[in-house]
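Two chains, each in its own frame: build the complex with the hints.
Chain residues, written in single-letter form:
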Amino acid sequence: MTAKRLRLGILIGVSGLFLLAWIFPILWSLLNAFKTEQDVLAYPPKLVFSPTLDAFRDVLFGATSILPNLASSFIISIGTTIVTMALAIPAAYALARLRIPGKRWAGFYVLATQMLPPVGIIIPYFLILRNIGWIDTYQGIILIYLSFSLPFAIWLLVSYFEDIPFEMEEAAFLDGASRLKTLRRIILPQVQGGVAVTVVFVFLNAWNEFLFAVVLSGNTVRPVTIAMFNFVSVEQTLWAKLAAVSALAMLPVIVLGVVAQKHIVKGLTVGAVKGGGRR
Amino acid sequence: MNKSAVAGVVAQGRRALHRRADPARIMEGRERRFAAALLAPAFLALMATTTFPLLFLIWTSFYRMNLSMPFMDGFAGLDNYRELLADPRFWQSLGVSLVYTASTVVLQVVIGLALAVLVHGMRRGQGLFRMVAILPVVLSPAVVGMVWRSFMLAPDFGVVDYLAVTAGLGSHNWLGDPTLALVSVIVIHTWQWTPFAFMVLLASLAALPDDIYEAARIDRASAWQSFRRITLPLLRPAIVMVIIMRTMVALTAFAAIFTVTGGGPGTATEILNLYAYRKSFTELSIGYGSALAVALLVFTLVVSGVLFALRRAK
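The listed protein sequences correspond, in order, to chains A and B. Just add 25 to the spot in the first sequence (first one is 1) and you have our numbering. Just add 11 to the spot in the second sequence (first one is 1) and you have our numbering.
If you're looking for bench data, these hints aren't it; they were derived computationally from the structure. Beta carbons: idealized from backbone N, C-alpha and C, even for Gly. It cannot be assumed that every hint is accurate.
As the list claims (entries may be wrong) - The calculated label-pair distances, taken between Cβ atoms and stated as ranges, are:
#	chain 1	residue 1	chain 2	residue 2	range
1	A	F254	B	R100	19 to 29 Å
2	A	T245	B	G275	28 to 38 Å
3	B	R231	A	T27	14 to 24 Å
4	A	N244	B	L174	39 to 49 Å
5	B	A175	A	F254	21 to 31 Å
6	B	R228	A	A96	54 to 64 Å
Excised from the complex, chain B in its bound form (with noise of 0.2 Å):
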């Protein structure tokens, strides 16, 4: 008898002594009743902190309301998102997180790839990369746009300046210029979350068999081609779910650009994210914030909907 043959009636038997035994099915009723109780509390804690805010914020996107101008509120239809439409900030804002996304979702795959492969080929040392790279991943992301802005990019004694003037670039004014501005928080937050995809590739690189490389190098393939060949198209899901992770949260990022810029100089680096908070809480106007907002979470959306459509595909 193969072995198949053997698991076919392993598991016959299994699904006997299931229905025999099964005390489940006597106690359909008692279950059901338990598994409300315990679902009912984390559930209706979740719609009263995610749903209703949900409800409420669709509802307020359709008033006029303005904290510093109470007795002008009121019910305003369509308004803010006519508003909206016609809005060059919105659109400015809406480039902004389309570019910082992109650009720190790649850069964070890409070298977060190439070196899980490469810590994944030492003999040694792969310790003190897990080591150290747990270290930006846990700080929050205030205390490293603090720290990257005044001991890093800071004009005068920074060292990020102090290596430009060392190598010859000259001192630049890192986040006052609006490129340079938009630049320094993509690298920061690339800086701060490759250690993520990092971790994750090279936990899903340890993962692979052996005896398919074992098989390749018998016949003589190429790292690059062992590379291309076999560990991307297994590695596919993980690096797909790493993506849609990291998208996520790069879309909702806020407290690095806050601390690092506050979305300046002008709105150079002011992702919409940023702008809605700005609207809502500086400018205090909540009816427009909302409605940012909701701009916003129909962007995410769109994305989400893109990068799941990616991971079904093949």
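Extracted from the complex, chain A is given alone in its bound form (with noise of 0.2 Å):
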């Protein structure tokens, strides 16, 4: 009984060192926005401090405010979502539900897009955006981030459109319901979970890209993943309110991350599990 009490306890603890692993860093740089620059620099690092609202109250409405950084991220995430919701949810109807010419083709060109390594992407895109004069606009940004988005969205909603009984639609067909009606009324209320899904999986994408917008970037267009390199120099670092910014960054994520919690799960595994004993 005492050995199995030990394995028991190995185990109990192994799995909290794991935890604490995944947690502590984030923990700590949330921290750390809470303390003034010396307690941040202190040795050995300190855990108990009297908190501050310093560095958010500097990054926020300061001399380099990233107010605008993150209305630049917001807006760009958001306007990525719509865009290609608008985009992918047709698509994904029409090669998940009806008889075309070619529909495995098209479900393979989608599918090996989303092999593309962006830097061979954004090497000719700068190129062409450069030229019509598009660098540092929203549209140049949010046409670029389509080249990921799209592919996946299609993909992640596609299954979900493969799981409607195919006889709800016939149905609305007998009582003589159009193709377009019938995708209004019967097949998005029972995809709107699917589309949920994609919704949270394109605006994280979206909010998290780093080397488009590095490249595409500029004074009008600076989401605020870029915009913290701001407060990192070889001067001087200030990392009380690079801890808050990376705080800022952090916070829309989390709070979706922890709000859609199920719908993430679900859509990790839909694609490992479902699309991958598809295909």
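This is the structure we're talking about:
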């Protein structure tokens, strides 16, 4: 019995250690955002300190406010989500439900576009956008974000559309409803969950994207992930402010992650287990 | 009548109904036009944002193109590729990419699987693990890199350094030493993405049928035996899928390394992706950078070919 107890203790210890390893870096940087510059640099690292909101006040309302950058991140992410969903929902419906020639080929094309390395897309895109003057514009960055959000959204949505029983659609046809009406009234309410999952993923990916943003951003379009470098320089890094900016950049996605936790796990599993079994 | 016979009759009846009542057959032409209208915008956007840039990239890879010296631009034939094959920095970055990808994927799958089995056996506390595991996954790799670089790995006040000193390992320049820097970026990637493997594998474990384990218990199989003989084979499709998805992401990893080391010290952590970026946008040598990106694409295709063959095998 003691051996069993011991094993249980070790298991709990090991899993607890991993739990700590995942949560600690996030908590630690959040804590640092409430410190003074001196407290951040304290050695040994300070777990107990008198918290202050100075860093947050400075990065939000100081000389180099990141409020415009947070706004920039939101405009990019929401814009990308809207355009992506408007294009992906009809396409996914057609791929999943309609009998069309070349369907397999189209599905393969969507999958294959996901394999393109982003650096291979940004080089030509930079040249093109530079020629038409779209660098540092929202339309330019949202357009290129479609290159990764659109294939992903179509691919995820198709698996949800495929789950709806055909009988429901047939019943609607027999009642004389048109294709478009069936799509709106019968199909879309059924895939609400799938649409929500896709929206969450597209938003997260757009918020977190970095390579395209670092090449295409400028003074107008400058998401917070790029702007945080303002606080890092060779001469002096403003540690507490950097922690505050990181916290502000993390806040929306953490809130989204916790609120939509079930959706995210489901989305990951659909991709890995179901999509994997089918194609 | 047994069950399958009943199912057969039902299916037959359904097919008959289908033939008679299927309205899509009557409106086949209309359906095709409808489908085309639904598909056209998305596929046009896809072609404009993926296929067209790809073709343009291949085209520029045959050109001498330098943004700082536009007067030198011109057709170069295979020059960029000849330069690439003789470029030691290219081969080195390819090697770093291989090491980075292989080690992060193996670590993610091994740790993620072990933890998934561990947590799956828990009667309480699974929710807590799911909640915590979601956090690293939703974060921006750039922010994750910044957090690690600034507050975990900094040599003077970082927590990792403090722990190393406390454990008697001494203080190290975690991002300044070539080997340690590579280990650091591998650990950071593993830290961020192991929860992904964990969550997917935990969900797959939960979907496995209980009765097989019941039978194994009755046969007095050990925990290890039932893991080897039951869990692993049943989980194989999910594991292979996780490997494929994680490999694709590791091959295109960029932000975390960019923020943590910028590819340095020297080129110690410069994966091929980062080299192509630096060549194109720091050294402004777009033509050669394009050739590097094409090489990365070829490398990705080869790796995914191998992985998909692995999936089909058995």
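Here is how each hint holds up against the structure:
For the hinted restraint 19 to 29 Å between F254(A) and R100(B), the CB-CB distance of approximately 25 Å keeps it satisfied. As the Cβ distance of T245(A) to G275(B) is approximately 31 Å, the hint placing it in 28 to 38 Å holds. About 22 Å separates the C-beta atoms of R231(B) and T27(A), a value consistent with the hinted range of 14 to 24 Å. Between N244(A) and L174(B) the C-beta distance comes to about 41 Å, which sits within the given range of 39 to 49 Å.
The hinted range of 21 to 31 Å is satisfied by A175(B) and F254(A), whose Cβ atoms lie roughly 27 Å apart. Take R228(B) and A96(A): their Cβ atoms lie about 58 Å apart, and the range 54 to 64 Å holds.
Every hint from the earlier list agrees with this structure, and none is contradicted.
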